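Chemist: For reference, the chains in residue letters:
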Amino acid sequence: MNIACTLSNNRALVELSGRMDAVTAPAFEQHCDSLITQGTTAVIADMSGLEYISSAGLRSILSSAKKLRAAGGSLSFCGMTGMVDEVFRVSGFLKMFRVFATKDEALAE
Amino acid sequence: MTLRIPATLDSLAGAQAFLRERSTALGVPELLLGRLELVLEELVVNIGSYAYPDDEGDMEVGCEVLREAPGAPAMLCIILRDWGVPFDPLGKETPDLDADIESRPVGGLGIYLIRELTDRCEYQRNGDANEFRAYLRMEDTQ
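Order-wise, the sequence lines are chains A and B. Going by our numbering, the first residue of the first sequence is number 83, and it counts up by one from there. Going by our numbering, the first residue of the second sequence is number 1391, and it counts up by one from there.
It is possible that part of the hints are untrue.
Chain A is faced by these chain B residues, among others (derived, beta-carbon under 7 Å) [what the hints assert, rightly or not]:
(1) Val-1455
(2) Ile-1491
(3) Gly-1497
Bear in mind the hints are in silico, worked out from the structure with no lab data behind them. This structure is a prediction, so every number in the text was calculated from the model and none was measured. Every residue gets a Cβ at the ideal spot worked out from N, C-alpha and C, and that includes glycine.
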C-alpha cells in the first residue's frame, strides 16, 4: 500500500493505493497518529487507488477515526470502488462515515 | 492442487498469489478474486490465533470449481484445512453494524465479512483437522 499525503488549510488529503491488508493496514493508523501529533486532525482518505481491503484495514480505519475524533477532528472518505466499496457497505462503515463520490466533492466541504 | 503454508501473516502474500493464479486458471472472474483473497486472509489470521493459540502450525489452501447438480450454477469452492485445536469460525457473533464511531468496538469483522461476501460457508471437524469451505457463484456480478 502506498500513502501520499497533501496538507492544505489544516486538512490532510491522504491518497491510498494498492492493498490494505493485515500486513500493510497499520501504516494508515501510524500516518494518522503522526498527523495528530503535528496538529492536523481533519483527514480525507481518497480510496480511488485502493484495490483491496480486509478486516485489518477496517480495524486500522476505525481506530484512526476514534483518535481523530478524540482530538477534535474527523475522518471522511472518497473515491470508493469495487470490493473496497463492497466491504465498506456490508460492514456498516458506509453509513458510519461521511463518504463522498469524488475527491473534489470531499474537498469542497 | 493445494498449497501448504504456515498459518502466519508472513505466508499471506505467497498464498494469495497462489490462489489468484489457481483461480484465474479455473476461469474465475476478476471481480471475485478480491473476495477470494479476503476469505483467505481472514482465515489465515483466525486460524493462526484460534486453531494454533500457542505455536505456529500449518494450513492447506485449495480451490476448485464444482456444480452441485447438472444445470446448477458453477460454484467456486475455496477449501482451507488446518490441524490445530477444534475451531469453528462460524460460531462467532454478528457485530453491531449500527453503532457509531465512538461506541463501535475495533475489530471482530473478519468472519462476518467472509459470510457476507460468499454465497455459503461450511465448517467441519474431520478427524484431527478443521475444514472450512466457502462457496462463491462463478457468474456472480453483484
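Chemist: Now tell me if each hint is right for this structure.
Modeler: Do the hints match the structure? See the list:
1. Val-1455: Where the cut-off is 7 Å and the nearest Cβ of chain A is about 20 Å from Val-1455 of chain B, the hint is violated.
2. Ile-1491: At about 5 Å, which falls below the 7 Å cut-off, the nearest Cβ of chain A leaves the hint on Ile-1491 of chain B intact, so it holds.
3. Gly-1497: holds (5 Å)
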